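**Q** Assemble the whole structure, with the sequences as input and the hints as a guide.
All residue numbers for the sequence shown refer to my numbering, where the first residue is 179 and numbers rise by one.
If you're looking for bench data, these hints aren't it; they were derived computationally from the structure.
Among the hints, erroneous ones may be present.
[Unchecked claim] Computed beta-carbon distance windows for the label pairs:
#1 Pro264 / Thr350: 14 to 22 Å
#2 Cys185 / Asn347: 34 to 42 Å
#3 Thr350 / Ile213: 21 to 29 Å
#4 Ser217 / Gln287: 16 to 24 Å
#5 Cys188 / Asn347: 36 to 44 Å
#6 Asn359 / Lys235: 20 to 28 Å
#7 Gln238 / Cys188: 13 to 21 Å
#8 Ser360 / Trp187: 31 to 39 Å
#9 Ser217 / Lys333: 21 to 29 Å
#10 Ser364 / Ser214: 19 to 27 Å
#11 Val313 / Asn359: 27 to 35 Å
#12 Gln287 / Met192: 32 to 40 Å
In this text the structure is predicted, and so the values were computed from the model without any measurement.
Ideal Cβ placement from N, Cα and C applies to all residues, glycine included.
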Amino acid sequence: EDGGRICLWCTSTMERLWSTQPSGAKRQYYSGLAISPDSAQLCYASHTKLLVWLDMKTGQEIAAFDPLPESHSDTCGSVPSVRYTPDGSMMVITECKNEGSGSVANTLQKLAEIRESALVSGRGATAPALSFEIVATHRHGGPRVFACDISGDGKLALTGSHGGAHIWNVMTGETVGTFQNSRCFSVLF
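**A** The structure is reproduced here in structure tokens:
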């Protein structure tokens, strides 16, 4: 009944608070999910690498952002992981590509709050856009970066890929440490 839906449940009553079906070809088949530190918004990544924000109280779409316009040609890739820094000013997103190599994890810094009139161009978005800039990029050698977590102080990211796990600086993208020779599908600081 709820295939493809995003649902919010109350854990104390086990009652479903809201349920929403992402609409439009650009928004369905979502992957990464993250709740903002203030618990006001849920961000999900669609299979077309579009980030979409929902209001946590209502489930209504409130904004969208296209963080990887240069990779639209990789139509089967995805953004499997989305994480906020503890203060909510930045996000780290990971990218999976289906061809070649050079997948990345990007640190996005919020430049403005949600605006009511700006629309994401060229991706079929109807919601207002958030304004971000990429402040750091961390490159993995293989085609897929599966998972991400952020340290409690918001300074380091831990990402997992086909080639292992990397710890890196969210502001510079520089590697701090690596764990090689194993596929890493999930990470946690």
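**Q** A separate judgement is required for each hint: does it hold in the structure or not?
**A** Okay, the hints, checked on the actual structure:
In this structure, Pro264 and Thr350 meet the distance hint of 14 to 22 Å, their C-beta atoms being roughly 18 Å apart. Against the hinted window of 34 to 42 Å, the Cβ-Cβ separation of Cys185 and Asn347 comes to about 36 Å, which satisfies the hint. Taken as a hint, the range 21 to 29 Å holds for the pair Thr350 and Ile213, whose Cβ atoms sit roughly 26 Å apart. The hinted range of 16 to 24 Å is satisfied by Ser217 and Gln287, whose Cβ atoms lie roughly 21 Å apart.
Distance hint check: the CB atoms of Cys188 and Asn347 are about 38 Å apart, consistent with the given range 36 to 44 Å. A beta carbon spacing of about 45 Å between Asn359 and Lys235 contradicts the range 20 to 28 Å that was offered as a hint. For Gln238 and Cys188, the Cβ-Cβ distance of about 18 Å falls inside the hinted range of 13 to 21 Å, so the restraint holds. For Ser360 paired with Trp187, a C-beta distance near 34 Å keeps the hint of 31 to 39 Å intact.
At about 23 Å, the beta-carbon gap between Ser217 and Lys333 stays in the expected band of 21 to 29 Å. In this structure, Ser364 and Ser214 meet the distance hint of 19 to 27 Å, their C-beta atoms being roughly 22 Å apart. Taken as a hint, the range 27 to 35 Å holds for the pair Val313 and Asn359, whose Cβ atoms sit roughly 30 Å apart. Checked against the hint of 32 to 40 Å, the pair Gln287 and Met192 passes, with Cβ atoms roughly 38 Å apart.
Comparing the model with each numbered hint stated earlier shows that hint 6 is the single one that does not hold.
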